[in-house]
Amino acid sequence: MKIGNIEVKVSNISIAVFVFFTISLILASQYSAEVRSNLIWMIPALFMLLVIPVALNYMSRSQYVDLVPEYERLAKTVRVKLINENMIGKVVRIEGVVERVHFQFLNRPQFSVADRSGAISVKMFTSPDENIKVNDVVEVLGQVIRRYMVTGDPVINCVSIRKKNAQASDD
Amino acid sequence: MTLSHTAIQSDRKKQQYLEIAVPLLSFGVSLIGVLLWQMGMEINFQFFSFGCVLGSCILAYLAWIRPKKDIVALSTPIYAFIFFVVPTDFISGLYLQLLYALSLTLLLIRLKYRFGTCHTAVSRGLELAVPLKTYIEKTCDAFTGISPEPAHRAAVVISQFSTGEYGQAAHAAGSVAGQETSPALSRAFAIVHEHATVLEHSLARPEPYLVFLPEDESLLAKIPAPAYSEDRKFDTQLDNALLILFGAAWHGSEADRPHLLACQTFLLKLLNE
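Protein chains in written order, with the numbering used here: chain X, 1 to 171; chain D, 1001 to 1273.
Keep in mind that the hints were calculated from the coordinates and are not lab data. Everything numeric in this text was worked out from a predicted model, so none of it was measured. Heads up, some of the hints might be wrong.
[Claimed, not checked] Label-pair ranges, simulated between beta-carbon atoms:
#, chain 1, residue 1, chain 2, residue 2, range
1, D, K1133, X, Q63, 44 to 54 angstroms
2, D, P1131, X, L50, 50 to 60 angstroms
3, D, L1203, X, V97, 21 to 31 angstroms
4, D, R1012, X, I88, 20 to 30 angstroms
Each residue gets a CB set at the ideal place from its N, CA and C atoms; glycine is no exception.
Using the sequences and the hints, build the whole thing.
Below, the structure written as structure tokens:
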């Protein structure tokens, strides 16, 4: 779904919650007169279960879209091996192969991206522009942070992850 | 034995006591509660959950002080609060507390075996890790007696490179050009200068690029294999150059050693394939 120039994605978990409560409401309204009398506010509340995640996704996606040009300007292309805890807060660009993808169903994907020098966790707090899968060659733009904000090993807080081969074909 | 080693050993002892305290408190307090109930003192059994709460706080502390963090062990105090804040009767409370104590014990075993040891002198930045120590010993003859100025400059370059300040690192490495240093060290500065410039401006690999000469081989931490791709050979030149600067800085500038120790996780990554 596109709002303005922002591609908004609803997570599978939000859809599952919406479907679950819709079915529950339909069944409950069949058997309970009290539920039927309250449908006037229950149906809008049900739709809010979809509208709120869409609105949140739109807000975070638009923030990320605004950040990309600034990150493009500041980022330095580095090998994964050069990223270390002394670089916390630095904006970097890495290129590599996606080895693992987790939590995509929550719209909070976490990738493991490897180049010839090593692998690093890439965390994203919104859905990426493209559907990134294992073995895709990608370019990651983000900031080096600690895994648990104040502690842990360095990971990349990703602002943009793009397929390299797709980019090449676009050019 | 140095003061820091004594402190680390006493810390280890303290941690051992804390590790024993986790199952001891969590099972022990619940069992005291059972004994008191059997003696006819029917105190609210929820009070005896404080052993589990205390045990989970100690487990979280043990997880916090490790270099590698375990998020599950860290979050156990929250679960203890959720489980034990609601009043329960004797039988269900007893089961809950015993199961929780068992979970804490299993998490403690997991923490010990999967999340490594507590901080060591190496992880605290008090001494060098074994591979770096070995490399330092290897370069001892080449850099003993090196003048302090290029050695200090080498430490500055490493520090700036590890923090991702490639522009400053390139400038610092380039400024050594006129100074009197060993030929290998000069080449190391030149290679770092070249790579830092490439990184600063996100440039492609230059062709041709600077390399070490065969006479520098005794100082190289990694010999690039002929089968390596050109990109990998280029990367290996940088790894070797930074490690040579590290060797020179360590031997020639004792005052900079704390800064070099702060960069050792970065240097270890360069040393490992």
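The hints, checked one at a time:
1. Range check, K1133 of chain D to Q63 of chain X: Cβ separation about 47 angstroms, and the 44 to 54 angstroms hint holds.
2. Between P1131 of chain D and L50 of chain X the CB atoms are about 55 angstroms apart, so this pair conforms to the stated range of 50 to 60 angstroms.
3. In this structure the hint that L1203 of chain D and V97 of chain X lie 21 to 31 angstroms apart at CB holds, the actual value being about 22 angstroms.
4. Between R1012 of chain D and I88 of chain X the CB atoms are about 28 angstroms apart, so this pair conforms to the stated range of 20 to 30 angstroms.
In this structure, none of the earlier numbered hints is contradicted; all agree with it.
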